[in-house]
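In order, the protein sequences belong to chains B and E. Note that my numbering has the first sequence beginning at 1, numbered continuously upward. Note that my numbering has the second sequence beginning at 1, numbered continuously upward.
FYI, nobody ran anything at the bench for these hints, they're computed from the structure. Every residue, glycine too, gets a C-beta built ideally from N, C-alpha and C. Check before you lean on any hint, since a few could be wrong.
[Unchecked claim] Once the Cα atoms are required to be at most 30 Å apart in a straight line, the calculated BS3-like pairs of lysine-lysine come out as: (1) K134(E) to K118(E); (2) K178(B) to K157(B); (3) K118(E) to K79(E); (4) K178(B) to K150(B); (5) K209(E) to K88(E); (6) K116(B) to K178(B); (7) K193(E) to K118(E); (8) K178(B) to K205(B); (9) K118(E) to K88(E); (10) K205(B) to K100(B); (11) K205(B) to K197(E); (12) K116(B) to K193(E); (13) K205(B) to K118(E); (14) K134(E) to K116(B); (15) K205(B) to K79(E); (16) K146(B) to K205(B); (17) K79(E) to K178(B); (18) K193(E) to K178(B); (19) K228(B) to K178(B); (20) K157(B) to K209(E); (21) K228(B) to K157(B); (22) K88(E) to K202(E); (23) K100(B) to K193(E); (24) K193(E) to K157(B); (25) K205(B) to K150(B); (26) K197(E) to K209(E); (27) K116(B) to K100(B); (28) K79(E) to K157(B); (29) K134(E) to K197(E); (30) K209(E) to K193(E); (31) K197(E) to K118(E); (32) K100(B) to K228(B); (33) K178(B) to K100(B); (34) K150(B) to K116(B); (35) K205(B) to K116(B); (36) K205(B) to K134(E).
[Stated by the list, open to error] Stretch by stretch, here's where chain B covers chain E in the computed footprint (C-beta under 8 Å, at least three residues): (37) 59-72; (38) 111-117; (39) 195-207.
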Amino acid sequence: MSDPSATPSVPDQSVVKRLARDDVERKKFLRMAGKTMGAGVAASGLAAFIAACGGSSSSSGTPATPSTGTGTTAATGGGDLGIVNYALTLEYLEAQFYDKVIASGLFSGSTLATLKTFRAEEHQHVQALAKVAGSLGQAAAQPKGKFPIKNAAQVTKLAATVENVGAAAYLGQAPNIKSPQILAAALAIHTVEARHAATLNTALKLSPTPDGAFGKPMTMAQVLAIVKPFIAS
Amino acid sequence: MERSNLADSDIGAVEVHGMTRASFILRGAVATGATLGAGAVAPYVSNAFAASGGGDVDILNFALTLEYLETNFYTVKAKSVNLSGEAKALAAMFGDEEAQHVAALTKAVQASGGTPAKQPSFTFPATDQASFLKLAYTLENVGVGAYNGAGPSLQNKQLLAAAGSIVQVEARHAAAIGLLAGQPVTPDGAFDKPLTKAQVLKAAGPLIKA
């Protein structure tokens, strides 16, 4: 199934495209379920996070089985869909952050070039995850992020925080993903976030491997606590 | 420490001090093993990995062989090519981290009831810092592709958590080396390409002598 809106730079063999094709039947079922439950508006921002956590910000890393009470939770919040929407929300925030950083005019030369590369990659993550979420049910709506942009040093530090948390978020969810195709996509994105993090750490003269030999995963609750200040709605 | 069945994926997903149980136990296993010996560590590690099948052992041993390769590269080969400055510092740090991967994967194979792959001998075509960094870049990126390619085949989710925590570090290595070597930090762009075992062997096989 060809997709005219697909980004040319995403390779045809990408795991993400295979994934979208394989889930047609599931998508049909979830659309029906969503309609039955009256799911009109996709959860966004904080709501998407909380839905993915099963309605509680203090839950463990495993997303809860979706309740049938709220159409929003069922359509955007359970199982693999919940994880994908959680990742999508984080990617939306990262993409917005880099947009702001580049627009700030604080960077130039090779540093700016690197930030533009990372910005393009986060936007590709958004597109890919939105497509995957849409094939499973309802994609979370774009949140509205708010990021302090003061000076180059502060922004670089914030970028490093964002990327390191992003890597930890993917690592935390990988064991919870049921579909092998979605897992493959998550792994492919996880290591790119790690590359971003290591690059920014190096720019700050920090260790590229702050956790040592083994990356530390973070739970949804831990990630939510860190990113909450950056979500306006 | 409780000896609950960590093969149950719900328990395995529960965080302990911010880490999944698998990575927590791997860390503890590596640290404790160093002071008390493998015997003290084995019961805890075997609980974590008891449920993995033969398929998982093959994947672990494949990863172990790659980790032996990287460790040897950073600790032995590095000494013969006269590294300096940042390259020398990173080789030392990364060599230590790859050695920890060897230790963790060895224990994981044993705990899964398998026999750990033996350390091969290697040959690395690098003569100076520039060629060393170029090869390091290749090896780290192959490592990322290998783990990402094999990950979805792991049946035991605790092993997947451990593999994920390792591949994240390989990706960090790849980027740091890329910065030193003047190579792209994201050579595959937004999505790191998973590699098949055959593709990994094609890249790394020639470096393995026996």
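Tested hints:
1. K134(E) to K118(E): holds (27 Å)
2. K178(B) to K157(B): Status violated; Cα separation ~34 Å.
3. K118(E) to K79(E): holds (23 Å)
4. K178(B) to K150(B): violated (41 Å)
5. K209(E) to K88(E): holds (25 Å)
6. K116(B) to K178(B): Status violated; Cα separation ~33 Å.
7. K193(E) to K118(E): holds (28 Å)
8. K178(B) to K205(B): violated (38 Å)
9. K118(E) to K88(E): With Cα atoms ~28 Å apart, K118(E) and K88(E) stay inside 30 Å; holds.
10. K205(B) to K100(B): Cα-Cα ~23 Å, so holds.
11. K205(B) to K197(E): violated (36 Å)
12. K116(B) to K193(E): holds (21 Å)
13. K205(B) to K118(E): At roughly 37 Å apart (the allowed maximum being 30 Å), K118(E) and K205(B) break the hint.
14. K134(E) to K116(B): holds (25 Å)
15. K205(B) to K79(E): holds (25 Å)
16. K146(B) to K205(B): holds (26 Å)
17. K79(E) to K178(B): violated (44 Å)
18. K193(E) to K178(B): The hint holds at about 20 Å.
19. K228(B) to K178(B): Since the Cα atoms of K228(B) and K178(B) sit roughly 27 Å apart, the hinted pair holds (cutoff 30 Å).
20. K157(B) to K209(E): It is violated: about 44 Å lies between the C-alpha atoms, which goes past 30 Å.
21. K228(B) to K157(B): Since the Cα atoms of K228(B) and K157(B) sit roughly 17 Å apart, the hinted pair holds (cutoff 30 Å).
22. K88(E) to K202(E): Holds, at about 28 Å.
23. K100(B) to K193(E): holds (29 Å)
24. K193(E) to K157(B): holds (28 Å)
25. K205(B) to K150(B): holds (20 Å)
26. K197(E) to K209(E): holds (18 Å)
27. K116(B) to K100(B): The hint holds at about 11 Å.
28. K79(E) to K157(B): violated (34 Å)
29. K134(E) to K197(E): Between K134(E) and K197(E) the Cα gap is close to 22 Å, so the pair holds against 30 Å.
30. K209(E) to K193(E): holds (27 Å)
31. K197(E) to K118(E): Holds - the C-alpha atoms of K118(E) and K197(E) are around 18 Å apart, at most 30 Å.
32. K100(B) to K228(B): holds (18 Å)
33. K178(B) to K100(B): violated (35 Å)
34. K150(B) to K116(B): Between K150(B) and K116(B) the Cα gap is close to 19 Å, so the pair holds against 30 Å.
35. K205(B) to K116(B): Within the cut-off at roughly 21 Å; holds.
36. K205(B) to K134(E): The given pair, whose Cα atoms are some 22 Å apart, holds under the 30 Å limit.
37. 59-72: violated (count 0)
38. 111-117: Check failed, 0 qualifying residues.
39. 195-207: Violated, because only 0 residues of the segment 195-207 of chain E bring their Cβ atoms closer than 8 Å to Cβ atoms of chain B.
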